[in-house]
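> Chains as they are written, first to last, in the numbering used here: chain A, 1 to 647; chain B, 1001 to 1198; chain C, 2001 to 2093.
To be clear, the hints were calculated from the coordinates, so they are not data collected in a lab.
All residues carry an ideal CB built from backbone N, CA and C; glycine is no exception.
Accuracy of the hints is not assured; some may be wrong.
Computed Cβ-Cβ distance ranges for the label pairs, DEER-style [as the list claims (entries may be wrong)]: (1) Phe1112(B) - Lys39(A): 49 to 59 Å; (2) Ile346(A) - Pro1062(B): 38 to 48 Å; (3) Lys2008(C) - Leu1107(B): 23 to 33 Å; (4) Met2093(C) - Met396(A): 17 to 27 Å; (5) Gly1087(B) - Asp627(A): 24 to 34 Å; (6) Ala2034(C) - Phe1112(B): 28 to 38 Å.
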Amino acid sequence: MDFFDRFAVPHPSIAIYASMAAIGLTVIAVIAGLTYFKKWGYLWREWLTTVDHKRIGIMYLLSALLMLFRGGVDAIMMRAQLAVPENTLLDAQHYNEIFTTHGIVMILFMAMPFIMFFMNFVVPLQIGARDVAFPRLNALSFWLFFMGAMLFNISFVVGGSPDAGWTSYFPLAGNEFSESVGTNYYMIAIQIAGIGTLMTGINFITTILKMRAPGMTLMKMPMFTWSALIANVIIVFAFPVLAVLLAMGTLDRQFGTHFFTMDNGGMDMLWANIFWVWGHPEVYILILPAFGIYSEVISTFARRNLYGYKSMVGSMVIISLLSFLVWAHHFFTMGQGALTNSIFSITTMAIAVPTGVKIFNWLLTLRKGKIVFTTPMLYSMLFIPLFTLGGVTGVMLAMSAADYQYHNTMFLVAHFHNVIIPGVVYAMLAGLHYYWPKMFGFMLNEKIGKWTAWLLSIGFIFAFMPMYVSGLDGQARRMYTYSEASGFSLMNMISFVGAAIMAIGFVLIVYNIYYSTRYESRDISNDPWDARTLEWSTHTPVPEYNFAILPDVRSNEALWDAKKNGHVLFKGDYEKIHMPNNSGIPFIMSCIFFVWGFSFIFSLWIPVIVTTIGIFVCMALRSFEQDHGRYITVKEIEETETNLRGA
Amino acid sequence: MKIDNSLPLEYSTEENSLKILGFWIFLGAEIMLFATLFATYFTLENRTGSGPTGAEIFQITPVLFETLLLLTSSFTVGLGIHAMRIGNKKAMISFFSITLLLGLAFLGVEVFEFVTYVHEGATLQTSAFTAALLTTLGTHGAHVTLGFFWGLFIILQVKKRGLTPQTTNKAFIFSLYWHFLDVVWIFIFSFIYLKGMM
Amino acid sequence: MNQLFPMKQVLGFVFSLLLTTVALAVYFLDMSFAAGMTILLVTAFIQAGLQLVVFMHAGETKDKGAIYTNVFYGLIIALVTVFGTLLAMIWDM
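Just chain A, with the same shape it has in the complex (with noise of 0.2 Å):
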């Protein structure tokens, strides 16, 4: 029995065991409704072996909104628990492990993966290339990251879930205070999908470095594409540095070393220091992105080419250096000296320089501009001032002396989340709706994107701006419960209904999808929004090659160009075009991944043994494997593109 005991969740409740049966049911639904329309073959061959990276793109954003609604859950169950004082919906235990998997899910499983999508699906329409440089490796890297989502998912109601918050502190994270697997699941989970995420910032990089189409020198890639260069580069610098921190902690929990430890040397705040070497890059990894989409959007749609490109790109370029040397700013209070915490703070007060260039840049690029509102255009106006007061109360933040009063309060959770929801969540979405029609044909419904947005924006400040107060009076963070006598139930409260309107909102993006599927009209343009950029001069859908000729490219704005100026696009005949064949392995070597991850985190080390082996063989015969891919002929490339242009 003690064997099974394992695998047991240590602190039942009902949500949990609802949960299994939901998880349960869904599985088998999927596998009976796949059975039932006969659509194994189809998913097989159109989906689970693709190299396309637009198709690996919309499975990234599959993955990512349903890591939303996880995430947002969590969230929500946090928010009703604190909504009055003493209250018992939940437990400590469980608070603690929901506030951690809410951190971990949405940076890591859905900002992340959304991150990925748009730089799956844009960048190569962006830049006029077939694909990306290694399409294998993309499907490897999606399927990795899957698998790790996935594996850290099912430890909800498998052994139980990470409990010790998403940076996973030592000594709490050790095997004293974290006795469950849950930290186990912690280590090896995001271990998978980061080894996916660092493959992916390697291919990304190659392929916007030698890929982009004629005529497109760095300096005329647009905004999107540069920062998505940034926030690949920024990846390949920090993901190996939490591989390396996974590892050891993965060594301290189950294989007895004293990296992290109280005793024999270890030292417990090593771990801190290393995490935020990695975990204040992230943070840019996550916004550059972010940064790179409103400049489209809102260029786009103040119908003027984007103000400042030189300062746009210089300040990312700043930014990605100094993302490295300002991570002593999370553990002020830690005990180093005045020196170490002056340096720190003077970096992280000179990253709010380029970034307040950028913020510039926008506003002039709006000046004189023919605005229109569109959804994105919505998304990106309310951005401005709600990231703006994020950006300020992280300089207060940045003042390590200040920085004694704010740490670990809420005024922390208040600034956090004002620079992330409106920075990246924002940009997602304005993404999402600005992107949508060149994925699936239709537009989303404008006028229900732009209730979501106010919705979401009004929701956010009622539900975060209470916590800068509370934050700044002494309410701590992670605090499952407080006392009535302390005063926080107003603030806390009006926190609650802010997030019930959000989760309104976000309840709404999924209505959106759905009626716009239904009700949408499919008779739209290649260029629905009158963009500036090479992905909206090809056909929607996109076919397979993305461009049957590649596209000859003048400035930053090449699609314009061709509009205003009669530019020329499209030069020349067709030819043949090289495209990769499909490719099981990615997927079935996740899956022996995914394997090798659940026994190494209940230490099973014969199916540890036995997967490993099988991931080696899998690269083995990739090593042997001869795979020349294919051509798409002539003739097929003129009827694909008679079809399109029918349509």
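With chain A fixed as given, assemble chains B and C onto it according to the hints.
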């Protein structure tokens, strides 16, 4: 597939030059991987708990052997690439085989070194210092082990398929990896062993 | 036979053996910590540069700009990470 004959075979196709640049970027990531391990090691270097210190367990002889073996293997893999570029398949295979044998010898000495440490009471679980030391060395050793099998597969492919754009590309990328492991070893040699014994 | 042993690589190998010998001085000779570290830093970084240029052919294609930028960017961040960690965890604790 377009083949550009003005370049060495390993760069000759579009795909090949993508792979070489991609691998360089991967090496950039590897720099950070080892930098994190070094940062950990330097922080925990003097936190030996009740276990032995570096000066007590390091020995110059095995370390010197390891260094010479790896330096020489880096030289021979370079010669292998040179032989490949002048189209001498036989010499290339010989040089690659020598490289892998030297790598194997390096691993042998490293295993001997680890066994000695364990006998002297410096195991992975002894202290923060030993954990950081053995993890850093072990990560490098694991890279060499992986490289050994990778190199083996490439020799087999060159034997079977000859010097094609694909096999030469793989061999060249492997050589980058192997040289990089030598660079990492130079830092381990200088800042873990020599600094520890100084 | 000469054809198989290009001068550049042989000299590179000899030079790297020489640098290793110089580094060994810190073990065999008695010197201050500062002097020893200086020798180690100088020899290690020259060795690394040697491998990069002579053996790894970093500068032989038109991608050399990207390759060198990548390596130097990595190096700078690596040094910042190592020294920043030492500053926060040991020197200024």
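> Going through the earlier hints one by one, which of them does the structure break, listed in rising order?
none
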